[in-house]
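Chains as they are written, first to last, in the numbering used here: chain A, 1 to 309; chain B, 310 to 618.
Hints may contain errors.
Some chain B residues near chain A, calculated using beta-carbon distances under 8 Å [claimed, not checked]:
1) L326
2) L355
3) V359
4) A544
5) S549
6) V552
No lab work stands behind these hints, which were simulated from the structure alone. Beta carbons: idealized from backbone N, C-alpha and C, even for Gly.
2 protein chains.
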Amino acid sequence: MQAAGAVIAIGGAESKLRRRSVLQAFVEECGGQGARIAVIPSASSLGPEVVEVYRAVFTSLGAAEVIELRPRSRAEATAELAAPLADVSGVFMTGGNQLKLSAFIAGTQFGDAIVAAHARGAVVGGTSAGASILAEHMIAFGSGGSTPKQRMSQLAVGLGLVPGAVIDQHFEQRNRYGRLLSLVAQSPSLLGIGIDEDTSAVIRDGVLRVVGKGSVTIVDGRHLVSNAYEAKRTAPLLVSGAVLHVLPAGCAFDLAGRTLAVISTPEKDEEVADLRAAEADLREMAREIAAEGVSPTDYARRLRRSRRA
Amino acid sequence: MQAAGAVIAIGGAESKLRRRSVLQAFVEECGGQGARIAVIPSASSLGPEVVEVYRAVFTSLGAAEVIELRPRSRAEATAELAAPLADVSGVFMTGGNQLKLSAFIAGTQFGDAIVAAHARGAVVGGTSAGASILAEHMIAFGSGGSTPKQRMSQLAVGLGLVPGAVIDQHFEQRNRYGRLLSLVAQSPSLLGIGIDEDTSAVIRDGVLRVVGKGSVTIVDGRHLVSNAYEAKRTAPLLVSGAVLHVLPAGCAFDLAGRTLAVISTPEKDEEVADLRAAEADLREMAREIAAEGVSPTDYARRLRRSRRA
Numbered sequence: 001m002q003a004a005g006a007v008i009a010i011g012g013a014e015s016k017l018r019r020r021s022v023l024q025a026f027v028e029e030c031g032g033q034g035a036r037i038a039v040i041p042s043a044s045s046l047g048p049e050v051v052e053v054y055r056a057v058f059t060s061l062g063a064a065e066v067i068e069l070r071p072r073s074r075a076e077a078t079a080e081l082a083a084p085l086a087d088v089s090g091v092f093m094t095g096g097n098q099l100k101l102s103a104f105i106a107g108t109q110f111g112d113a114i115v116a117a118h119a120r121g122a123v124v125g126g127t128s129a130g131a132s133i134l135a136e137h138m139i140a141f142g143s144g145g146s147t148p149k150q151r152m153s154q155l156a157v158g159l160g161l162v163p164g165a166v167i168d169q170h171f172e173q174r175n176r177y178g179r180l181l182s183l184v185a186q187s188p189s190l191l192g193i194g195i196d197e198d199t200s201a202v203i204r205d206g207v208l209r210v211v212g213k214g215s216v217t218i219v220d221g222r223h224l225v226s227n228a229y230e231a232k233r234t235a236p237l238l239v240s241g242a243v244l245h246v247l248p249a250g251c252a253f254d255l256a257g258r259t260l261a262v263i264s265t266p267e268k269d270e271e272v273a274d275l276r277a278a279e280a281d282l283r284e285m286a287r288e289i290a291a292e293g294v295s296p297t298d299y300a301r302r303l304r305r306s307r308r309a
Numbered sequence: 310m311q312a313a314g315a316v317i318a319i320g321g322a323e324s325k326l327r328r329r330s331v332l333q334a335f336v337e338e339c340g341g342q343g344a345r346i347a348v349i350p351s352a353s354s355l356g357p358e359v360v361e362v363y364r365a366v367f368t369s370l371g372a373a374e375v376i377e378l379r380p381r382s383r384a385e386a387t388a389e390l391a392a393p394l395a396d397v398s399g400v401f402m403t404g405g406n407q408l409k410l411s412a413f414i415a416g417t418q419f420g421d422a423i424v425a426a427h428a429r430g431a432v433v434g435g436t437s438a439g440a441s442i443l444a445e446h447m448i449a450f451g452s453g454g455s456t457p458k459q460r461m462s463q464l465a466v467g468l469g470l471v472p473g474a475v476i477d478q479h480f481e482q483r484n485r486y487g488r489l490l491s492l493v494a495q496s497p498s499l500l501g502i503g504i505d506e507d508t509s510a511v512i513r514d515g516v517l518r519v520v521g522k523g524s525v526t527i528v529d530g531r532h533l534v535s536n537a538y539e540a541k542r543t544a545p546l547l548v549s550g551a552v553l554h555v556l557p558a559g560c561a562f563d564l565a566g567r568t569l570a571v572i573s574t575p576e577k578d579e580e581v582a583d584l585r586a587a588e589a590d591l592r593e594m595a596r597e598i599a600a601e602g603v604s605p606t607d608y609a610r611r612l613r614r615s616r617r618a
């Protein structure tokens, strides 16, 4: 039996020109030079234009082929349209309106074909709306704000590729703590995942790895206490005891254990450069001492002089 | 020995006209009809105008007297200026620039007099900047955003009336999760307290009670893992395992135990009204049955008829 592919949820507004770390990681997961990627722009109101952008980026990042599949209604989401999914190495859903994705794709033959592609090892990813549809439960829409309130967000049904989770996007840029917390308050069994722009959660074998510029925020509500079952109208919600993880690039998170798996090791370029330089100095010193019989004190003096010059 | 007074931290923009629950709670804590309140507008660039607003509100809420004390420099923050603090029942610091409060008041004779007033039982409160200065550590300034980043916020020294804590304000409205989390990531021993606008944290005997329209967000970092000690420049910070409490009005929190003390009991007006009406009906029915010998079935029929009419 083949292992399932990675699920890659991107928080929207990923860089397409300069430091394209998020889309580069996507193409690499899809197989790099051998990547065959289906772009699904159904969430977007622009179809072909969006596909052309991603075709250009994925191709310049080395992908072998990029095809477009665009069901524009539930009726169009057929097994025939989905046929090419049988031999792509990656599926990418663009941003737009995620209710179009739950309406046109989830639970159709086309949607089933995406799930089947994932099961046989293809990578399935998406950005913004295309990220939210990936999880079992999909945030449909909601209002911004830090504080969770009753009725501030809606839940719909996603593709189920990340079980027991809900994925929100543009997390930092659109101030979405409140709406994610409100969903977890109502369903504490859900793992809330909020992804910043130009950032992705790469999920494989139950481990979530963070790539990109921002962070992935995880809300674990298993032990939380809430009044969501009785809060009226748009009242602020009680959320007590949620465990919070904010994970920048380089961190990894064990989704089953709900614990940090790898701690980020940020670039220590300067420190490393200093150390390398010191090592090089020491080696040169040792060489000179051995070759010329110069004393360490003499050598250090000569080194200082040559540096001043 | 007298018990210390309450500390009341308001998240800014508290209602001054209609539903003034936050300022009303402040005046009540200060003794209601007997309240003598000193307003300190040192953080504000408008002095007398701000005092006049609070004088009008506090007086209309029943306070007996409102005085103004306004040190405008560290040199002015003398014991002489502070003399009236010896017999007020409440101290209120307005909003503005909290670095003016740490610069002009904290650690001066005037600041010591505020601390002494609190110790003998006076209430000490403040809004916005006036809230931040109350805790042991004061958030001086910082940028907005949900995701914690290195160097996004500054810490200065507060009055110390809430030990081991840092208080942020305008929490939901200015998207301040990131800056509060960044401070707790750097100092996990700190209890982070974020207060929404028109909302207050009323702290007395180690218990924080929430009053007002929004919520108080508490970040408990005791068990968190962070990379704050090595994150470079403005990199996003790792914060893993922080425990989060978002508390709407009516909730109470045990600051020492860091646990929810009282769960919010939102208004169940309709439910209660229905129950009361049913009880009244039953009582009337019992009375009529006893007095007139009418059968329960007859009575119920008459009741329905009289309601239709």
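Restraint satisfaction for A544 (chain B) [CB to CB of chain A, less than 8 Å]: holds (6 Å)
Satisfaction of the V359 (chain B) interface hint, Cβ to chain A closer than 8 Å: For V359 (chain B), the interface hint is violated, since the closest Cβ of chain A sits about 27 Å away, which is over 8 Å.
L355 (chain B) as an interface hint toward chain A, with CB separation required under 8 Å: The hint is violated - L355 (chain B) has no Cβ within 8 Å of chain A, the shortest such distance being about 28 Å.
Interface restraint verdict for S549 (chain B) against chain A (beta-carbon cut-off 8 Å): For S549 (chain B), the interface hint holds, since the closest Cβ of chain A sits about 4 Å away, which is under 8 Å.
Status of the L326 (chain B) interface restraint (C-beta, 8 Å, chain A): violated (21 Å)
Cut-off 8 Å, beta-carbon criterion: hint that V552 (chain B) touches chain A: holds (6 Å)
The earlier numbered hints that this structure contradicts are 1, 2 and 3.
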